[in-house]
Amino acid sequence: MADKRACFSSLQAVGTSAAAPALAKVSKLFQLRPKSPQVMPIEEFQDCECYGHSNRCSYIDFLNVVTCVSCKHNTRGQHCQHCRLGYYRNGSAELDDENVCIECNCNQIGSLHDRCNETGFCECREGAAGPKCDDCLPTHYWRQGCYLLC
Numbered sequence: 127m128a129d130k131r132a133c134f135s136s137l138q139a140v141g142t143s144a145a146a147p148a149l150a151k152v153s154k155l156f157q158l159r160p161k162s163p164q165v166m167p168i169e170e171f172q173d174c175e176c177y178g179h180s181n182r183c184s185y186i187d188f189l190n191v192v193t194c195v196s197c198k199h200n201t202r203g204q205h206c207q208h209c210r211l212g213y214y215r216n217g218s219a220e221l222d223d224e225n226v227c228i229e230c231n232c233n234q235i236g237s238l239h240d241r242c243n244e245t246g247f248c249e250c251r252e253g254a255a256g257p258k259c260d261d262c263l264p265t266h267y268w269r270q271g272c273y274l275l276c
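Using this note's numbering, you'd call the opening residue of the sequence shown number 127 and step up by one each time.
If you're looking for bench data, these hints aren't it; they were derived computationally from the structure.
Heads up, some of the hints might be wrong.
Once the Cα atoms are required to be at most 25 Å apart in a straight line, the calculated DMTMM-like pairs of lysine to aspartate or glutamate come out as [claimed, not checked]: (1) K198 - E220; (2) K258 - E244; (3) K198 - D240; (4) K198 - E252; (5) K198 - E224; (6) K198 - E175; (7) K258 - D240; (8) K258 - E229; (9) K198 - E229; (10) K198 - D223; (11) K198 - D222; (12) K258 - E224.
Computed beta-carbon distance windows for the label pairs [to be verified]: (13) E220 - N190: 44 to 54 Å; (14) L263 - L189: 45 to 55 Å; (15) E249 - R202: 31 to 41 Å; (16) T265 - D187: 57 to 67 Å; (17) E224 - R269: 14 to 24 Å; (18) L274 - Q234: 16 to 26 Å; (19) F247 - R269: 16 to 26 Å; (20) D222 - V191: 14 to 24 Å; (21) S184 - G271: 26 to 36 Å; (22) S196 - Q270: 19 to 29 Å; (23) R210 - P264: 32 to 42 Å; (24) E249 - R269: 35 to 45 Å; (25) G271 - F188: 21 to 31 Å.
On a predicted model such as this, the values are computed, not experimentally measured, just so you know.
We put the CB at the ideal spot given by N, CA and C, even for glycine.
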């Protein structure tokens with residue numbers, strides 16, 4: 127038999143067509159049969175849904191999983207179904223919408239970090255308030271941050 131490295135799975139990525147823009151496909155052409163030196167053809171194409179946020183996907187052989195590669199529109203995840211850190215899910219948009227993820231826009235001074243929860247609310251520093259942490263509590267005043275009134 128030839129070099130064992132030549133018998134590993136061969137992959138061919140196929141971009142999306144105009145008729146099915148939200149669908150990418152991966153072709154897994156050959157796979158070794160357990161305890162057998164024979165190479166056998168298996169299913170021609172396996173769908174990988176990236177919801178239109180990627181036209182590339184990759185087959186991870188040892189996990190037997192197809193995953194999207196280079197997700198766009200601030201998405202991430204195996205199928206580009208989650209928002210990147212610093213973004214939250216637009217509840218009125220479908221998963222295949224380019225605007226599915228909205229930037230948190232947390233106030234850099236009033237918030238602890240640039241991440242927000244699933245409804246877009248940022249985590250505020252002490253004394254700061256509001257969805258983006260750009261207001262002060264009634265007992266505080268703003269001066270490049272919220273400070274307690276004396």
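Inset, instruction - Could you check the structure against the hints above and give me the numbers of any it violates, in ascending order? - result: 4, 13, 15, 17, 21, 22, 24, 25
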